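A.B. asks: The primary structure of each chain is shown beneath.
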Amino acid sequence: EAQVTQNPRYLITVTGKKLTVTCSQNMNHEYMSWYRQDPGLGLRQIYYSMNVEVTDKGDVPEGYKVSRKEKRNFPLILESPSPNQTSLYFCASRMWQRSSGANVLTFGAGSRLTVL
Amino acid sequence: AQTVTQSQPEMSVQEAETVTLSCTYDTSESDYYLFWYKQPPSRQMILVIRQEAYKQQNATENRFSVNFQKAAKSFSLKISDSQLGDAAMYFCAYRERLGAQKLVFGQGTRLTINP
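Chains as they are written, first to last, in the numbering used here: chain A, 4 to 119; chain B, 3 to 117.
Each hint should be verified, as a subset may be incorrect.
[Claimed, not checked] Below, simulated EDC-like cross-link-like pairs (lysine to aspartate or glutamate); rule was C-alpha separation at most 20 Å, straight line:
| # | chain 1 | residue 1 | chain 2 | residue 2 |
| --- | --- | --- | --- | --- |
| 1 | B | Lys-104 | A | Glu-56 |
| 2 | B | Lys-72 | B | Glu-31 |
| 3 | B | Lys-80 | B | Glu-17 |
| 4 | B | Lys-104 | A | Asp-41 |
| 5 | A | Lys-72 | A | Glu-33 |
| 6 | B | Lys-104 | A | Asp-62 |
| 7 | A | Lys-60 | B | Glu-98 |
| 8 | B | Lys-104 | A | Asp-59 |
| 9 | A | Lys-74 | A | Asp-59 |
| 10 | B | Lys-57 | B | Asp-28 |
| 11 | B | Lys-72 | B | Asp-33 |
| 12 | A | Lys-68 | A | Glu-33 |
| 13 | B | Lys-104 | B | Glu-54 |
| 14 | B | Lys-104 | A | Glu-65 |
| 15 | B | Lys-72 | B | Glu-54 |
| 16 | A | Lys-72 | A | Asp-59 |
| 17 | B | Lys-104 | A | Glu-33 |
| 18 | B | Lys-57 | B | Glu-31 |
| 19 | B | Lys-104 | B | Asp-33 |
The set of hints was computed from the structure by calculation and includes no laboratory data.
Small disclaimer: the values here were computed from a predicted structure and weren't measured.
Let the hints inform the model, and build the full structure from the sequences given.
C.D. replies: Laid out in structure tokens, this is it:
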């Protein structure tokens with residue numbers, strides 16, 4: 004089954020304890036992206052990657068790192084988490100929709116992160 | 003920078019009736035896509051419908067249709083014959099056709115279906 008898989012789905016951690024949220028897609032997509040969702044703000048892009056070893060900042064990159072060593076994986080790293088990074092995180096990759104020719108993002112199931 | 007605004011934080015509708023969710027956006031580009039995503043309680047982001055800016059015809063997907071007004075930069079979603087399973091958070095989103103291809107989301111509208 005074609006999908007984007009994120010782990011963990013839920014995590015409670017403490018301030019300053021490094022953590023990594025993994026993201027993997029099995030569709031051979033070049034484009035991958037991370038978003039965070041907060042009430043009243045919708046989803047905002049953190050980082051994106053157009054291909055292996057190519058990453059760039061989105062709108063809210065502070066406090067986050069990413070890497071793209073392989074096409075299928077795009078982990079999100081919080082080196083020193085803080086309470087303002089408590090959020091719902093989504094990884095997404097770009098699927099080619101044959102019926103229209105437009106690229107459509109496929110999202111993972113989300114990771115709920117709480118930083119105490 | 004492009005912005006997307008959903009001015010209705012919450013909406014409710016009776017089952018089987020029709021409801022329209024509003025969305026406006028701001029851009030200086032002429033070639034872009036607009037989307038509506040549904041987020042049910044499971045939190046999964048599900049694409050509902052997509053509109054290409056160069057197409058004058060409004061997109062439809064079964065009970066879902068849009069009213070795309072390019073000059074007014076308006077992109078509303080109409081849900082006909084509302085069903086209990088339509089209850090969700092709905093997000094309007096914008097993306098340039100080229101460039102960084104970032105999806106810019108609105109704040110979301112929570113839709114409740116009353117039985």
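A.B. asks: Find the hints from earlier in the document that the structure breaks and name them by number, from lowest to highest.
C.D. replies: none
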